[in-house]
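Here the first sequence is numbered in our numbering, starting from 140 and rising by one per residue.
If you're looking for bench data, these hints aren't it; they were derived computationally from the structure. Among these hints, one or two may not hold up.
Stated by the list, open to error - Simulated restraints, written as ranges between beta carbons of each label pair:
(1) 339 - 411: 18 to 26 Å
(2) 270 - 711: 55 to 63 Å
(3) 614 - 294: 27 to 35 Å
(4) 614 - 659: 26 to 34 Å
Being a predicted model, the structure only gives us computed values, none of them experimental. All residues carry an ideal CB built from backbone N, CA and C; glycine is no exception.
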Amino acid sequence: MQKYNPQKIEAKWKRIWKKAKQWKVDLKRAKKPYYNLMMFPYPSAEGLHVGNVYAFTGSDIYGRFRRMQQNDVFEPMGFDSFGIHSENYAIKVGVHPKIQTNKNIQNFRKQLKALGALFAWDHEVITSEPEYYKWTQWLFLQLYKAGLAYRAKAPVDWCPSCKTVLADEQVIQGRCERCDSEVVQKELEQWFFRITKYAEKLLKNLETIDWSERTKIAQRNWIGRSEGAQIEFKIQSSKLKIEVFTTRPDTLFGATYLVLSPEHSQIPNLKSQITNWNEVENYIAQAKKKSELERTELTKEKTGVELKGIKAINPANNEEIPVWIADYVLASYGTGAIMAVPAHDQRDLEFATKYNLPIKQVVCGNYPEPVCPILAEAYLGPGHLVGSDKFDGMEFEKAKWEITKFVGGKKTINYHLRDWLISRQRYWGPPIPIIYCDKCGTVPVPEKDLPVLLPNVKEFRPTGTGKSPLASVPSFVNTKCPQCKGPAERETDVSDTFLDSSWYFFGYLLKFGNWKLGFGNSAFSQLLKKWCPVDMYIGGQEHAVLHLLYTRFITMALKDMGFIDFKEPFKKFRAHGLLTKDGAKMSKSKGNVVNPDEYFAKYGADTVRMYLMFLGPFSEGGDWSDKGIVGIYRFLNRIWNFQFPISNFQSNSNVPNSKLESLRHKTIKKVTEDLENLRYNTAIAALMEYFNEISNFQFIISKQYIETLLVLLAPFAPHIAEELWSQLRAKGSVHNQPWPSYSPKLIKEEKIRLVLQVNGRVRDVIEVPAQISEGEAKELALRQKSIQKWIEGKQIQRVIFIPQKLLNIVA
RNA sequence: GCCCGGGUGGCGGAAUGGUAUACGCGGAGGACUUAAAAUCCUCUGCCGCAGGGCUUGUGGGUCCGAGUCCCACCCCGGGCACCA
Numbered sequence: 140m141q142k143y144n145p146q147k148i149e150a151k152w153k154r155i156w157k158k159a160k161q162w163k164v165d166l167k168r169a170k171k172p173y174y175n176l177m178m179f180p181y182p183s184a185e186g187l188h189v190g191n192v193y194a195f196t197g198s199d200i201y202g203r204f205r206r207m208q209q210n211d212v213f214e215p216m217g218f219d220s221f222g223i224h225s226e227n228y229a230i231k232v233g234v235h236p237k238i239q240t241n242k243n244i245q246n247f248r249k250q251l252k253a254l255g256a257l258f259a260w261d262h263e264v265i266t267s268e269p270e271y272y273k274w275t276q277w278l279f280l281q282l283y284k285a286g287l288a289y290r291a292k293a294p295v296d297w298c299p300s301c302k303t304v305l306a307d308e309q310v311i312q313g314r315c316e317r318c319d320s321e322v323v324q325k326e327l328e329q330w331f332f333r334i335t336k337y338a339e340k341l342l343k344n345l346e347t348i349d350w351s352e353r354t355k356i357a358q359r360n361w362i363g364r365s366e367g368a369q370i371e372f373k374i375q376s377s378k379l380k381i382e383v384f385t386t387r388p389d390t391l392f393g394a395t396y397l398v399l400s401p402e403h404s405q406i407p408n409l410k411s412q413i414t415n416w417n418e419v420e421n422y423i424a425q426a427k428k429k430s431e432l433e434r435t436e437l438t439k440e441k442t443g444v445e446l447k448g449i450k451a452i453n454p455a456n457n458e459e460i461p462v463w464i465a466d467y468v469l470a471s472y473g474t475g476a477i478m479a480v481p482a483h484d485q486r487d488l489e490f491a492t493k494y495n496l497p498i499k500q501v502v503c504g505n506y507p508e509p510v511c512p513i514l515a516e517a518y519l520g521p522g523h524l525v526g527s528d529k530f531d532g533m534e535f536e537k538a539k540w541e542i543t544k545f546v547g548g549k550k551t552i553n554y555h556l557r558d559w560l561i562s563r564q565r566y567w568g569p570p571i572p573i574i575y576c577d578k579c580g581t582v583p584v585p586e587k588d589l590p591v592l593l594p595n596v597k598e599f600r601p602t603g604t605g606k607s608p609l610a611s612v613p614s615f616v617n618t619k620c621p622q623c624k625g626p627a628e629r630e631t632d633v634s635d636t637f638l639d640s641s642w643y644f645f646g647y648l649l650k651f652g653n654w655k656l657g658f659g660n661s662a663f664s665q666l667l668k669k670w671c672p673v674d675m676y677i678g679g680q681e682h683a684v685l686h687l688l689y690t691r692f693i694t695m696a697l698k699d700m701g702f703i704d705f706k707e708p709f710k711k712f713r714a715h716g717l718l719t720k721d722g723a724k725m726s727k728s729k730g731n732v733v734n735p736d737e738y739f740a741k742y743g744a745d746t747v748r749m750y751l752m753f754l755g756p757f758s759e760g761g762d763w764s765d766k767g768i769v770g771i772y773r774f775l776n777r778i779w780n781f782q783f784p785i786s787n788f789q790s791n792s793n794v795p796n797s798k799l800e801s802l803r804h805k806t807i808k809k810v811t812e813d814l815e816n817l818r819y820n821t822a823i824a825a826l827m828e829y830f831n832e833i834s835n836f837q838f839i840i841s842k843q844y845i846e847t848l849l850v851l852l853a854p855f856a857p858h859i860a861e862e863l864w865s866q867l868r869a870k871g872s873v874h875n876q877p878w879p880s881y882s883p884k885l886i887k888e889e890k891i892r893l894v895l896q897v898n899g900r901v902r903d904v905i906e907v908p909a910q911i912s913e914g915e916a917k918e919l920a921l922r923q924k925s926i927q928k929w930i931e932g933k934q935i936q937r938v939i940f941i942p943q944k945l946l947n948i949v950a
């Protein structure tokens, strides 16, 4: 008997599959198209780590399962190779990003191939290649034409280490998502995508798609819809007005002062009336200097300055109230100004307490008891209005809109979501296809001139001047205006990496026909019809508000521009869990990155695949440890060693063992359902139980039991399943077998184990016919000594009988 | 602070309100071997010689019966956060 040699058989089958193009799917003629997408990796220099292998294996198992269910599964793979991450590494080692990236991709490809997945390599895309980024630039132009891309001067987040601006989503608690440096605020002219226009759609459509609930929740929170009112406050002896946004218009009578953000646009207009202008100006300058992190530091005591000489009028009761500026009010949200209601807002309360401003309670929880306690904390709960004139006694929710109406305010919806800042002052990305002409202004590059090639330059390091390295390449910058043909200059920023990845699932289809297809042409539209939206998308939860939000936006925009006819990119999305090491996310800086290569070499891909999936629920992730990997290796070895006795069974005259047959059907059911729900760990456990059972019968069972095992095993351990299948002299490839079905009738066993309880405690278990009646069961139970012992001398009060399960005697 | 997860043997983890600890790792004993590795067999939640009792973060509750449902709390992981 030959020993199980995974390296040998895996190499053999990889060779055969490659030759036969096992993954091949006819994109044009597929009858049951199934687009099985996994998040493509950025090719880091460290290579693939087990976390990647974990994610890809989970997705590949699903794809293989669907394929055996007779779907035409398209499972492409590519590389998200542009971007700061790749570039930072290239800078560190002093190698040009293009060279470094190509090296990394080669390594990744090699590692990915070791996995034995169904990847459709013919469709591989690389985002940093001109044929690809031509379309990234095309997309930019379409958004520009549709008014969804605009350039504006705005306060933006700047990462001093990456020397570029960042999108809102890429700033994590005031720090750069990539390098963890503290970001600073800069006022710069930048390109934005108007994602906010889609805020409502992005939110509403979540109801229509089958996504992991926690991913949907994260998107909802990020979009951050809040309903409130916009209310005007007049400034005393001035024509000026200050608008505020509030979600609590019901507390308007309790608004005892106004607060403007230091950046508020009306402040300069009030200058002549402000008697302490120096102090005010000083405060504004101080606030400007603070980083986002400092300003949002919650433990920090609130600060502010009163605008002396200025009073506002509370429109509810016409009382004069003071106006302050404070940096706890953000310029970027709502109207950049608030009405402060210290009795019903904790932040306002802190501020009011510090500066001795009046606190007036207007919502009372124990109405109509007029006594409201002195507030140690702002009262945020429900209640009825007090101290609110004719609104006294009104329920607060109702009062919200009554008071809004009363003061002529309007109902408003605000979103946390900001426009997507896509300019990057970096080298390694697609140049933004825009030309500036003194005569014609901002001119988009004509589509026929795409791609705007990224010049191959020596000096690719970020400059830190607020300009991209491309700005110092005259041959790139200087160009002709496409309109007037006069001298003009190119935009020198590149676009955000997340733009590259926002449309890559279309890229795999564009690659079909070697990039000759394109949005808008009918051949491509037909492909889209067949393959989109994506049927199943599996990826990391960390992209819930980055990639997954951007890609939904881009899809919606393409739909509205008429290039596609569906609204959402992914019908089904499942987030996999994070694979950690020693409880921490794997990262090179922490030095806890686990390279899978040595495990592939030692145990083979089948063992690594299965072990990763066996660690725990795929959706939960887990902590990597190789402690139990031998368990899977032993399991595969036991299956391997089991092959020979059965190959001698040509004629099977043995009677089907009904217990085994029931188990076979149960196992098919369990594995099928678990695969559908990505519960790979329990599917594998079921396969083990099944094998443990049949291996006890090795000389009397029929070939069918082994076939079932191999077919169910195939998605998890494709190589060994194929090898044993061929040794069984079964027909064709195991991977082309139809997924087996089960019969609910055969799952039922004739005899079951009935649990006998007395007062809810298990006292015995007896084997009985499955169809036993309550009366029979009770009689049988009362005959058991083990039961009699516990009810002796007691009255039987009740008997609870759960068919097929248990009998509980209450005495 | 808010929003999601989660807390079960020595470890990873199983359990439509119905035998808690499946499956695997580890451990103990045994077989094979000159020996070891590999492999195979048996045992393995805790307490107790045993009958039996106890056990799913803590404390209450509902129920014939609770890891699972309800209430309160503690701890761990992740996300968001002066968003008015």
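Pairwise beta carbon distance, residue 339 to residue 411, judged against the given window 18 to 26 Å = violated (41 Å)
Look at the Cβ atoms of residue 614 and residue 659 and judge whether their distance stays inside 26 to 34 Å.
-> The hinted range 26 to 34 Å holds for residue 614 and residue 659, with Cβ atoms some 32 Å apart.
Supplied distance hint 55 to 63 Å, evaluated on CB atoms of residue 270 and residue 711 = Given range 55 to 63 Å: violated, Cβ gap about 29 Å.
Between residue 614 and residue 294, is the Cβ distance one that fits in 27 to 35 Å?
-> holds (33 Å)
Hints 1 and 2 from the earlier list are contradicted by this structure; the remaining hints agree with it.
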